[in-house]
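Next come the chains, spelled out residue by residue.
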Amino acid sequence: MRLTLLLACIAMTASSVALSQSADEIMEASQRAYYFAGKDAKGMLKMALIDRKGNTRQRVLTMLRRNHENSGEQKYFMYFHEPSDVRRLTFMIWKYPKRDDDRWIYVPAVDLIRRIAAEDKYSSFVGSDFSYEDVSGRDLSEDTHSLLDDETLDDRNVFVIESIPLAPAAFTRRVSWIDKEHFLPLKIEYYDAQEQLQRIFTANVIEDIAAGEGDDRRVHPTAMKRTMENVRTGHRTEVIVTSVNYDVGLSDDDFSERHMRRPPREWIR
Amino acid sequence: MLDAEQEDRAFYDETKDTFGINDLIVVGVVDEADVFRSESLAGIARATAEILKIDGVIIEDVISPSTTDNVKSAGGLLDIHPVLGDIPQSAEELAQLRQDIADNPFLHEKIASADGTAIALYIPIEQKDMSHRIAGEIEAILTRELLPGQQHHLAGLPVSEDTFGHEMFIQMAIVAPLAFMVILAIVFVRFRQSAFLLPVAITAMFSVLWAMGALIGLGYTVHIMSSMIPVFLMPIAILDDIHILSEFFDRCRVLGDKRRALIEAMRPLYKPMFYTSITSGVGFASLALADIPPVRIFGLFVAFGIGAAWLLALTIVPAIISLMDDEKLKHRLFREGQGHTGPIYRLLASIGAIAFSRARLVLVLGIAAFAFGFAGLWQIEVNDNPVKWFKADHPLRLADTAMNELFGGTYMSYLVVNTEEPEAIKRPEVVAYIDQLQENLEADPIVGKTSSVADIVKRINLVLHDNDPAYDIVPESSEAVGQFLLLFQSSGDPNDLDNFIDPEESQANIWIQMKGGDNRQMQSVEDRLAAFVQANPPPEMITLQLSGLTYINKVWQDLMVTGMLKAVLGSFLVVFLLMLLEFRSFTFGALAMVPLSGSIILTYGLVGWLGKDYNMPIAVCAALTLGLGIDFAIHFLQRFKSHVLEARAVEATIRYMFGEPGRAIARNAIIITIGFLPLTLSTLSPYITVGLFFASLMTFCTLATLFVLPAALRFVGNRVIPGGAA
Numbered sequence: 001m002r003l004t005l006l007l008a009c010i011a012m013t014a015s016s017v018a019l020s021q022s023a024d025e026i027m028e029a030s031q032r033a034y035y036f037a038g039k040d041a042k043g044m045l046k047m048a049l050i051d052r053k054g055n056t057r058q059r060v061l062t063m064l065r066r067n068h069e070n071s072g073e074q075k076y077f078m079y080f081h082e083p084s085d086v087r088r089l090t091f092m093i094w095k096y097p098k099r100d101d102d103r104w105i106y107v108p109a110v111d112l113i114r115r116i117a118a119e120d121k122y123s124s125f126v127g128s129d130f131s132y133e134d135v136s137g138r139d140l141s142e143d144t145h146s147l148l149d150d151e152t153l154d155d156r157n158v159f160v161i162e163s164i165p166l167a168p169a170a171f172t173r174r175v176s177w178i179d180k181e182h183f184l185p186l187k188i189e190y191y192d193a194q195e196q197l198q199r200i201f202t203a204n205v206i207e208d209i210a211a212g213e214g215d216d217r218r219v220h221p222t223a224m225k226r227t228m229e230n231v232r233t234g235h236r237t238e239v240i241v242t243s244v245n246y247d248v249g250l251s252d253d254d255f256s257e258r259h260m261r262r263p264p265r266e267w268i269r
Numbered sequence: 001m002l003d004a005e006q007e008d009r010a011f012y013d014e015t016k017d018t019f020g021i022n023d024l025i026v027v028g029v030v031d032e033a034d035v036f037r038s039e040s041l042a043g044i045a046r047a048t049a050e051i052l053k054i055d056g057v058i059i060e061d062v063i064s065p066s067t068t069d070n071v072k073s074a075g076g077l078l079d080i081h082p083v084l085g086d087i088p089q090s091a092e093e094l095a096q097l098r099q100d101i102a103d104n105p106f107l108h109e110k111i112a113s114a115d116g117t118a119i120a121l122y123i124p125i126e127q128k129d130m131s132h133r134i135a136g137e138i139e140a141i142l143t144r145e146l147l148p149g150q151q152h153h154l155a156g157l158p159v160s161e162d163t164f165g166h167e168m169f170i171q172m173a174i175v176a177p178l179a180f181m182v183i184l185a186i187v188f189v190r191f192r193q194s195a196f197l198l199p200v201a202i203t204a205m206f207s208v209l210w211a212m213g214a215l216i217g218l219g220y221t222v223h224i225m226s227s228m229i230p231v232f233l234m235p236i237a238i239l240d241d242i243h244i245l246s247e248f249f250d251r252c253r254v255l256g257d258k259r260r261a262l263i264e265a266m267r268p269l270y271k272p273m274f275y276t277s278i279t280s281g282v283g284f285a286s287l288a289l290a291d292i293p294p295v296r297i298f299g300l301f302v303a304f305g306i307g308a309a310w311l312l313a314l315t316i317v318p319a320i321i322s323l324m325d326d327e328k329l330k331h332r333l334f335r336e337g338q339g340h341t342g343p344i345y346r347l348l349a350s351i352g353a354i355a356f357s358r359a360r361l362v363l364v365l366g367i368a369a370f371a372f373g374f375a376g377l378w379q380i381e382v383n384d385n386p387v388k389w390f391k392a393d394h395p396l397r398l399a400d401t402a403m404n405e406l407f408g409g410t411y412m413s414y415l416v417v418n419t420e421e422p423e424a425i426k427r428p429e430v431v432a433y434i435d436q437l438q439e440n441l442e443a444d445p446i447v448g449k450t451s452s453v454a455d456i457v458k459r460i461n462l463v464l465h466d467n468d469p470a471y472d473i474v475p476e477s478s479e480a481v482g483q484f485l486l487l488f489q490s491s492g493d494p495n496d497l498d499n500f501i502d503p504e505e506s507q508a509n510i511w512i513q514m515k516g517g518d519n520r521q522m523q524s525v526e527d528r529l530a531a532f533v534q535a536n537p538p539p540e541m542i543t544l545q546l547s548g549l550t551y552i553n554k555v556w557q558d559l560m561v562t563g564m565l566k567a568v569l570g571s572f573l574v575v576f577l578l579m580l581l582e583f584r585s586f587t588f589g590a591l592a593m594v595p596l597s598g599s600i601i602l603t604y605g606l607v608g609w610l611g612k613d614y615n616m617p618i619a620v621c622a623a624l625t626l627g628l629g630i631d632f633a634i635h636f637l638q639r640f641k642s643h644v645l646e647a648r649a650v651e652a653t654i655r656y657m658f659g660e661p662g663r664a665i666a667r668n669a670i671i672i673t674i675g676f677l678p679l680t681l682s683t684l685s686p687y688i689t690v691g692l693f694f695a696s697l698m699t700f701c702t703l704a705t706l707f708v709l710p711a712a713l714r715f716v717g718n719r720v721i722p723g724g725a726a
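Protein chains in written order, with the numbering used here: chain A, 1 to 269; chain B, 1 to 726.
These aren't lab readings, by the way, just hints derived from the structure by calculation.
Be aware that a few hints might be false.
Derived pair list, reagent style SDA-like, types lysine to any residue, alpha-carbon separation capped at 25 Å [what the hints assert, rightly or not]:
no.	chain 1	residue 1	chain 2	residue 2
1	A	53	B	499
2	B	53	A	225
3	A	121	B	422
4	A	121	B	478
5	A	53	B	422
6	A	46	B	478
7	B	16	A	58
8	A	46	B	423
9	A	121	B	79
10	A	53	B	55
11	A	46	A	203
12	B	53	A	192
13	B	53	A	203
14	A	187	B	59
15	A	53	B	10
16	A	121	B	77
17	A	121	A	172
18	B	16	A	56
19	B	458	A	167
20	A	121	B	574
21	B	72	A	117
22	B	53	A	206
23	B	16	A	52
24	A	121	B	59
25	B	16	A	192
26	A	98	B	88
27	B	72	A	195
28	A	121	B	72
29	A	53	B	423
30	B	53	A	172
31	B	53	A	28
32	A	121	B	50
33	A	121	B	405
34	A	53	B	593
35	B	53	A	231
36	A	225	A	115
37	B	72	A	53
All chains should be modelled from the sequences, with the hints used to inform the complete structure.
In structure tokens:
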């Protein structure tokens with residue numbers, strides 16, 4: 001009963017916002033839904049890097065995320081299980097909304113941790129078609145957003161939002177199809193310097209993932225399969241979320257250099 | 001130009017596909033003062049941003065200061081940023097930028113020259129045939145964005161080859177018509193009959209139009225070889241016309257009756273014209289047996305054009321003569337020629353006398369010339385480089401020279417390392433072998449730079465260990481190799497690594513940048529590689545295979561040289577068989593081949609003695625002799641044969657031969673030699689080559705026909721007379 005009420009509440013809020021919402025507000029809601037679901041999250045990801053001939057490189061990794069209340073800062077931790085030669089390699093990212101992230105890598109073969117300073121918008125996330133910016137989110141104030149249209153995409157009602165970067169970025173134009181109900185982006189098109197379609201993001205399977213118990217129970221719609229296809233190179237990356245749990249109780253201490261060398265077993269299983 | 005199924009071509013296509021390699025335009029910005037100045041770097045960064053917007057440029061793979069990442073290390077920090085991010089302002093920042101580039105072997109002499117005067121951008125493009133257009137757009141951007149006093153260069157094989165294609169069309173539109181006009185002018189000077197220009201013009205134009213129209217209509221593309229069809233066809237096409245006009249011109253003056261003169265002129269010509277046309281036609285058509293598609297197409301369509309020209313000569317020429325005003329013609333001809341007193345007549349008469357009376361000397365000299373030419377054949381250096389198809393002062397040639405002096409090389413070739421086993425490339429012994437191989441190749445002065453997965457792994461190892469030179473090596477475990485590669489992939493575009501290693505990690509690609517693209521230079525790299533592999537056998541299961549545009553050009557040329565030689569030799573055989581059939585005499589058949597083989601051997605001998613590279617255009621020129629060389633010989637021998645059968649006296653027949661038949665040959669020789677000299681004014685060296693080749697070929701051919709044939713006939717001429725001579 002409570003759940004239905006809650007859902008009804010969410011639906012009402014959603015539709016009422018929908019009526020009056022500006023493009024900026026829609027994008028903000030979308031970012032909250034996609035990047036900030038829960039207080040924290042732990043997931044196992046299967047990543048397939050597929051070239052235009054269909055050759056595939058598999059990667060399996062555990063990803064931990066923790067949000068900081070209010071500040072918009074986040075911490076990410078990634079542990080590689082496969083392929084076997086990169087097993088135990090870890091990445092840690094401290095994400096800041098207004099500047100480039102801090103990143104660390106642990107290279108087990110030489111037992112070294114190094115901090116990496118790089119541009120999020122251009123660097124590939126572990127060799128995939130996703131950039132760091134795609135994985136951890138782009139600051140909304142870097143673009144101007146405008147609502148192009150309401151339409152339906154695969155039987156879902158969506159907003160179509162166009163975002164134009166204010167300063168040179170990895171794209172010159174981005175069009176997002178954002179679900180009116182749960183605000184997850186269902187499709188994003190990125191256009192390059194030649195104003196050609198360069199990459200297409202699609203959230204292929206959305207599932208409701210429950211967190212908490214009883215009164216505290218919440219549902220986080222989650223994109224269980226995400227694809228980023230570079231249409232110019234024919235290369236694409238498919239990410240399948242094989243398991244995900246929200247609000248598992250991660251603490252700030254879990255995102256430390258010490259844990260990069262020796263990650264707690266319960267987090268990486 | 002290789003067949004798509006040819007194995008090296010197929011392998012190149014596969015290599016490009018496996019490693020996501022594209023043809024490159026190499027752009028150089030040269031500033032004699034110092035290119036490392038804030039305003040100059042800002043201009044280059046702006047220009048790069050504009051170049052990325054050009055349709056057809058592969059944005060992700062552009063290598064330039066502002067788009068390519070540098071991985072640096074400083075106190076435990078890995079700094080991964082574009083080489084040129086924010087434009088440095090202070091002297092220290094500028095010096096740091098220079099140092100950064102010099103420190104990274106991936107960037108040193110690649111994106112900036114060692115002396116700091118030049119910066120290079122490597123622009124990959126979707127297709128080679130876009131090079132010319134994209135190069136034009138890049139030029140416009142550079143002209144706009146660069147500082148005054150800065151020069152720019154565009155280099156690389158794709159832009160040369162594609163630009164050649166474009167300039168070729170322009171040359172075709174200038175040179176071929178120019179040759180055509182000159183031919184008409186000479187025809188006019190020789191005959192002083194403007195009416196005579198019409199049949200010559202119609203034959204030349206229609207045979208070329210039909211041949212090229214058929215070629216294009218049947219869907220074949222016009223490239224370097226087929227673009228030469230008009231130039232090759234025109235002189236052969238008008239041969240018959242000149243014979244008819246010449247014969248008619250002389251007879252009309254004597255007979256004073258147009259109709260009778262025309263009939264009498266055509267009668268002795270039917271047979272030789274038929275035989276010359278069928279022989280040249282079959283000769284060219286037999287090029288269709290060659291392995292090389294463009295040569296096949298070329299041969300067939302020239303043969304078709306020759307057939308068309310023969311038909312036109314037999315119909316249009318007499319028809320136009322018939323329509324000429326009888327009175328005017330008579331008046332002019334009478335005024336023109338006052339009998340056998342012209343300089344050509346006198347010259348021919350004395351040539352005839354010398355050839356006959358000094359027959360032995362002439363033959364000895366002929367054999368000596370032949371031997372001289374033959375000896376020159378062994379001096380021939382087979383070598384080609386499409387960039388050198390432009391004259392030395394062409395912007396592309398200047399760019400080629402400048403860029404290859406400043407940077408690691410604009411000619412790309414690839415060495416593919418194949419292990420047939422997934423992930424085997426990451427084995428440390430394989431990476432180490434690649435490293436050794438590169439070191440050896442780089443010792444060749446023509447190899448400017450090589451890059452591979454070994455360089456990536458070494459660079460990551462070095463920067464991970466705070467630039468400790470002890471770690472500028474290939475690590476010892478495949479885990480380390482795998483992890484370093486993952487780190488590398490996390491720093492740039494996902495496809496950066498794909499250029500060097502395939503997704504299965506069973507193949508690696510070594511980029512070899514060469515400072516020269518001559519086939520001979522490619523060959524020296526290939527030889528060096530073979531010697532290295534011989535001395536240092538690779539780890540088991542590993543095979544090595546060269547590829548890339550520079551290598552493909554070498555393969556193409558090897559095939560072209562042998563293929564063209566085989567094709568022309570085959571055509572010679574066919575022509576010889578036709579000659580035997582025609583003359584029904586081995587002696588005459590063999591004699592008919594003398595001007596043909598003599599002129600070709602002497603001309604190629606000269607190429608050898610002069611030390612000129614034997615390249616594609618020169619190889620193609622061999623086919624010319626099939627059309628031109630045989631014509632004079634057939635006319636001479638046919639006319640000799642039919643006359644000697646009546647006169648039954650060799651000496652008298654030879655004297656007759658140096659009358660009208662000799663004049664027709666001399667006229668043809670003059671018209672064609674001079675008519676095609678405009679080719680030497682072309683901006684493209686293949687056209688110049690062909691022009692000079694025409695001239696020397698015609699000269700040798702004419703000399704062989706006018707001296708050697710009569711000299712030889714003095715001894716063997718009576719063999720065609722049944723029962724022997726009187």
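### Query
Does residue 53 of chain B pair with residue 225 of chain A here, judged by a C-alpha cut-off of 25 Å?
violated, 33 Å
### Task
Given the hint that residue 53 of chain A pairs with residue 593 of chain B, test it: the Cα-Cα distance must not exceed 25 Å.
violated, 56 Å
### Query
Given the proposed pairing of residue 121 of chain A with residue 478 of chain B, does the C-alpha separation stay at or below 25 Å?
violated, 30 Å
### Message
Does residue 422 of chain B sit within 25 Å of residue 121 of chain A, going by the straight-line distance between their CA atoms?
### Response
Outside the cut-off at roughly 32 Å; violated.
### Message
Holds or violated: residue 72 of chain B and residue 117 of chain A, Cα atoms, limit 25 Å.
### Response
holds, 10 Å
#### Entry: Hinted pair residue 16 of chain B and residue 52 of chain A, Cα distance within 25 Å
holds, 13 Å
### Task
Starting from residue 16 of chain B, check that the Cα of residue 192 of chain A is at most 25 Å away, please.
This hinted pair holds, its Cα atoms lying about 23 Å apart.
### Query
When you check the alpha-carbon spacing of residue 98 of chain A and residue 88 of chain B, does it fall within 25 Å?
holds, 23 Å
### Query
Has the given pair, residue 53 of chain B with residue 172 of chain A, been kept, meaning a C-alpha gap of at most 25 Å?
holds, 11 Å
### Task
Decide if the proposed pair is consistent with the structure: residue 121 of chain A and residue 172 of chain A, CA atoms, cutoff 25 Å inclusive.
Holds, at about 12 Å.
### Message
Given the hinted pair residue 121 of chain A and residue 574 of chain B, is their Cα-Cα distance within 25 Å?
### Response
violated, 68 Å
#### Entry: Straight-line alpha-carbon gap residue 72 of chain B to residue 195 of chain A, limit 25 Å
violated, 32 Å
In summary, the numbered hints that this structure violates are 2, 3, 4, 13, 19, 20, 22, 27, 31, 33, 34, 36 and 37.
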